[in-house]
Each structure stands twice: as C-alpha cells, then as structure tokens.
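Residue numbers (the numbering used here), protein chains in the order written: chain D, 1 to 473; chain G, 1 to 412.
If you're looking for bench data, these hints aren't it; they were derived computationally from the structure. Each hint can be trusted.
Just the calculated beta-carbon pair ranges, DEER-fashion:
1. Gly-413/D x Cys-21/G: 31 to 39 Å
2. Gln-175/D x Gly-198/G: 52 to 60 Å
3. Ser-255/G x Ser-179/D: 28 to 36 Å
4. Pro-184/G x Ser-179/D: 43 to 51 Å
Given the structure is predicted, the values throughout are model-derived calculations rather than measurements. Beta carbons: idealized from backbone N, C-alpha and C, even for Gly.
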Amino acid sequence: MKQCGRVLLSVGWWLRRWFGLLGACVAFFGAVEPVHAQERAEYAPPTSRPSSLPASSQKADTPNQKADTPNQKADTPKAPIFQYEGNFGKKPTAADTPVVRGGIYDRPYIGRLGTSEALGGMSIALGGYTEFLGRYILQEGLTDGFSFEARRFNLFVFSSIGRFVRLTAELEFEQGTSSIALETALVDFRFHRAFVLRGGILLPPIGRFNIAHDGPRYDVIDRPLVSTRVIPSTYSDIGFGATGSFFPALGHKLYYEIYAVNGLRSGIINDSPEGTRIARGKSLAIFAANENGSPALTGRIAYAGPSGLEVGFSGYVGIYNRYRDGAEEIDRALWLKIFAVDAEISLGPVTIRTEAAVAWIDIPDGLVELFADTQWGIYADVIWEFWKGRLGFLRESAFRLVGRVDYVDLHVGRFASTGQDIGDETLRLTLALSFRPYEGTSLRVEYQHSWLTDRLGNVARRAGVQFGVATYF
Amino acid sequence: MSWMFRLLCLWSVWMVCGSGCGVLFTEEPRRETVLDGPIDGLSHAQLQTFKVGDEEFARVFTPATGLGPIFVEASCLACHTADGKGHPSTNLTRFGVGDPTDAARFDYLLHLGGPQLQHRAILGYQAEKLPNLEGLARSVRSAPTVTGLGLIEAIPESEILRYADPEDKDGDGIRGRPNYVTPPSFFEPVIEHTPKDGKIMGRFGRKAAAINLLQQVAEAYLNDMGITSDFLMKDLHNPLVGGPSGDTAPDPEVSAATVRTVTFYMQTLRPPSRRSAEDPVVKQGEGFFAQVGCAKCHVPSMKTGKSAIEALREKTVSLYSDLLLHDMGPKLADGYPEGQATGNMWRTTPLWGLGVIGNLMGGQPFYLHDGRAKTLKEAIDEHGGEAQKSRDGFFALSSAEQEALLVFLRSL
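Using the sequences and the accompanying hints, generate a full structural model.
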C-alpha cells in the first residue's frame, strides 16, 4: 500500500517535471513560470493598492518582467495577482491566473485574500455583488407604472485548498429569494497555468458575457439581448474540462477553456410559448443528470493584447432532446449549435465592447416554421469615461457615458406560405450615465428604447428610464 | 451660479422630453386603428372577466399545459392576430372526399385524421399529413376577425332570415341561405332558436357551421390547439400512430370556466370603430357599394334582440354581412360541405374592421377565406357565382369610382 503511494507520488513528480518542461517550451515564446513560483507570487500580501489607471492609460498588457523569469524567487512582496483589471484599470501580470477578465477569478474580493506564505494551508475569501433598480417603462403608451426590483444578490466563495487545488462557488439570489441558484461551484486542479483541470458547476464559455456577467462590471443595467436570448446567460451547467493560458510574446496572451457538460434541454422548444427560446433549455434538472446521455461540448479561445484588446471565439454543440431512453432510440437526435464572437478594446478614454452570436437549432418536422431553426444577435457598448479623479473624499471616482445597441433576430427565415420575412426581432438602444465612486460600484441611470417586431412584422415600441445600483462587496 | 445653470439645463431637457414624449416614451395607438378593447357599457365585474378572457385568449399552450399532441397553432391569438384575421401561415385545413353538395354523402375521413388536419405535433409525436387520395377536397381557412361577435350572436334569427331568399324570389340572382346544423351535445342556447328538423341555424365560421360562440370556442380549443375542456374531453391523436401519446397534462386541460370566460371575452370584444366615416369620398364610395349590389350580401346593419349582457341588448350592428351562405362560384369553391353549406358556398364575411387589419399584420393584409387576396380589389375580383353581377358592376365603374368604393371599405 505504502509502496503504491510512493509510486504514485513519483509519477506525480515526473508529471510535474513534465509540465515544467512544457512550460519551458512555452517560455520560448514568452513568459511562463511553474505553478509554485506563480502561486507564491499570487499569495504575497498586497503592499500597496494596485494602480487604478484606466486600462487605456496603462502600458500594454505586458507580463510583469520579474515574474517572467522562470524559477523566479518570489520572495519579494508584490501586488496580489487575483486582481480585477480590464475595465477596472488593473493590469494583468505574467502570473495572471484570472483566465477571463471579469470572470470568476477576476473579482475584487479575491484581491483581499491575505494569506501570504500559507501555501499548502487553507485560505478562503468571501465576496459578492448586489444589484437593484427602479424602472418606469412604457410599451405602446401603456405602463404598469413605477416599480423597484431587487434583481440580484450573489455571494462568492473562493478557497485555495492547497497550491494545487482551489474551489470557487457563487450562490445567486434573484428577486429577493424567489430564485436561488448555485451558479458556480467548481474545483480547479492546477497542473500548470497552461493546463488547469476544472470540474463542477461551471459557466459554459459561450461568448464572454456568460463567463463575465457581474452587474457591477457593466454600466448598463440590462444584460445584452444577444447574451441572454441567443446565448442563454446566465447559463451554468455541470461538467468537466480544462482551461489555461499561454503567453506567446510580451504583452500577448492566449487562453482557452473547454468543457463537456450535461447540456441544454428540450425546454428550448417545449417550454417556449413564444417560439424557439434557448434560455428555456436551462433547467435545475441539468445538475442532476443528463437527459439523453450525450454530453454537450463547449469552449472558447481568446487572445488578449495591448490596449485592453481581447478577442474571443466560442461555441457550444449538443443534443437537446431526449432521443434515447436507455439503449432504445425513441426520436431523431436534435442538435443545438451556438457560435459566438466577442471583442473589447480601449482607445483613450473610450472602450468598445461587443459580442455576436448565431444559433442553429434542429426543429422536428411537426414544428417547422412555428419554431426558429436559426437565431442571431449582436450588441455593442461604447463606454466613454469622460471624467475621472478626486471628488471630495472619493479619491478615484469616475463618470461614464455609455451607448449600447442591441439587436436580436430570434427567427431567421421566411413564411413558406407568403415568402415574407418572419419577424421576432428586437432592436434596442440604451443611453446610460454611470457614476463610479469606486471601481467596483456603479450608480447608473439610463434611457432605453426598443422596437419589438412580432412574427408578422408588427412593430411595437417600448421605452423608459431605469436607475440602479450595482456593487461588488 | 453654476448650479443654477445646471438646473436650467435639466429644466430644458425636461421640456424637450415633455414635448417629444410620444417619440421618447411611445404612444398609445388610437382606438380606431386597433381592434382590441371591451364594448362600451360593461360593469366592473364584466370588465374583470373580460380581462381574464383576454389573457386566456393570448395564452400560449405548451406540452406541459396540454398542447397537442397534435395541433395547428398554440394560442387563439396566434391565428386571430390582435383579435383580427389570421396570417396565411396559420391557416388550417379541413379535408374529406365525396359529394360536395351533400354533407350526408361526404366522407370526413375520421380514420385518417379528418375532418381537420393537425399538421403540427409536440416534440416526440407524429404530426398528421393529408392523405394521398384521389378527389380529396381540402378547405383551407384563415382565421376571421373576432370583433363584435357578441353583437352578431345576439341578432335574432328572424332578423337574419329577412335577408334569406333561397329560391331567389326577387330574381336578382342573389339567394342567401341559412345553414342549419346539428348542435353539439354541450349546446346551450343564448338566444331563442327555432329548430328545423332538430337542426339549428348556424352563424359562425366561414360556412356558418357553428351556432354560437361557446360552441366555436370549445371546438377551437380542441381542434386548433389540442386542448381538452369540460365540454370536449377526448384529446386528439394521430390515428396513424394509433393512440394518444406524449400529452401527459391531465384532462380537461382547461376548465369549463375558462372556456366560458373566453366566450365572454369574445362576446364583449367591441366592434371596430370607423375612421373618417363623414368624409365625402367615403360617402360617395358607400353609394357605389349599394349601387353595384355589394350591400345585398354585405348588409350594412342589423339589430340585436335580447341578451343576458346588457351592453349587447337592442343595439345596431354595422357588420356589413347577412350572415347567410352564398354560392360564390368555382374560383372560391373548396368542394367541402359543412352542414347545409355546399362545396362552393361561403358565409358573407362581415366587412367591419377591413381598414384596420393591415395594421395588425405587419402592413400586409390578407383577405378571403384562405387569405389568398392581398388587396381589396383582388378580393372583389374573386367574387363569382351569386356575386358575379356585383363584381362585374364594380369593375364597370370608372377608376375614380372604384377608388371611392375602396376608400369606403377602408373606412370600415
């Protein structure tokens, strides 16, 4: 028995070496360091507040020179690595573990983690964000009046169980406690920065928004239509896979995520009175078992470079119906495929962020035309930080003006009977003013105007104002 | 000072918003440009019922709430768009083989899924297909406008029969026949009926085969959406599959109360309001409408009699229909008999709301029983049989006169 353990240990050691070797290979392109060095850096206590310059005024996304050198002695205390950056004006370093900007490891609470040399020991951090709003919306001149909404209250937990294993979880309360969901609960096994095994309840990386959707990161209250309709954000699922990042050259990062998950279900059409609605494919039952025994695949590859530039390509493929029961084939397998592109760049005080997605859905013969087999959508935010500085006792407050265009066509196609275009489209314009007393807090007011086109092409207008608060804590 | 300035800015923004409110914050469509809304004179309790009925009418069924297993559309509203007409994509088809002049000698092919085709099925079930039979008659129908139907229901039979002329005694070529049909088992009269050979006069549906709204609504739930009710408990299934399946929602899928509430909604949906009725061109067109004989079938108005709903009692109904069957010639014939309506007969379509329905169908209206006509002129052109003379009369008018008549139709 003991022998066995020893063998395993040495195999493990060799594996580690092997990954070290791989690391050296990657170092050929740029900067890589073995996990332990990186980790020491990560857990060093923060000495000073990280700089909060807007992403644009920073140097390019250059890996920290010091951390670049493999086998670096990370004794020198340095800024925490789990810092949130990008829009919040922090720059990633070579030891950049937050794989996705705004994603699960790129949140302020982790930055407060104060264990320095407790490697191998247990460290835990608790954080979260909350979001609430008030709105007055009219549709075709009619309104239900003014109403408030406690939109979300999310709790994050992060725990580093050891240098090799860490856990992240997010518990979401929507509309008070009317919906409580475990949005994330995943465990990472960090073999190497370029290869982290991940399993648990995770966010399938379809587009960037689904994996980085925290309210306080955005200056517009409502989520982008494409990211909630074509990509069913927030979509979490149970699965297993890998993620990691490479630094091919100074200031350039490539990263990936790929997972097998249980996948979206037949609610896409079965529970969707209005036509194909991918978001209805989500179900709590997802977390218990796979309805059809065929896992769905989802992944994203992204490039991050200078000027906060980030471009990602992602997708999802899976069968959404119960096409077999045990070994018995009881129906044709119906596929759902989603492809998404996302991008972000900062030019001076202006940041542009966009995401587009297209979905293809197999529709059974008996439901053709009633349900869409193709959907697509796009959104673009133009964020102008027109003022930043000290405002009384607020040392780093900022004002932002944001314009957003949203468009989704939830039924691409024509009526067989008349050749007319099938509508089911929405165009939405939003203009928002956001005040950020601190980086992670946004106080915003916005005006939005939507043109909703029904199946037959009738257009209804919807407009109104909303104001809200979203803050990390 | 600078605060003063800012306040001033805010104030001016507010003012601009105020004047452009309709643009910025949307406007309610004018009553005469839409079809929805209750009839005048309802009590609060009636308005509440109306509202619930409105929601039920718009309710989209899913497999979980009972849809199917075979169906045509998933909600009343999907076919009766904004309480108006159906788009051709929502058309339903009835089929059968046999003698188109006699329903008794016509086979409605129940064993093959007749009389109505449900060409859609819930996930995992098999939809029906039209059988490949020689001489198969198909009746393709688009949903008619459902406004003002309570008024139509409250018109006494005697009032309608005034316009009937089955033997063409006046020799104008226009006959006009009532359709007498067998009432369903759950039939409940809302007005006084004078049965003939155990059959009762129908007035709803393209061939006037439904006697009253309760019948029409209960049958629509079952045949159009696969929704069982206390009135019609047996769910549909595809006979070629051999048995019901998939649909695990307990029957009845809607209660009698729901069917009655929707029936009440149908009864109290207001009739369409006219636009520019006093315009001289409209008046002129109205004259031509009578002159070429359109008004012989499209009777401008009738009067209601007694009704349990006060708002429907003793009212003038400007429906522009005689609610009778007419032989409309071979172009419009479908070869499908229903009750005493033969394969080339249709009930005169009420013309009210004609000018509005385009607004509700993305700008492109569709007319006639299957939505084949895209313009009013095309619809008139299709008139044949008893309406041939009238149709020819229309096309003999000068183009300005024709236009005036069309302007009149659009004012309805």
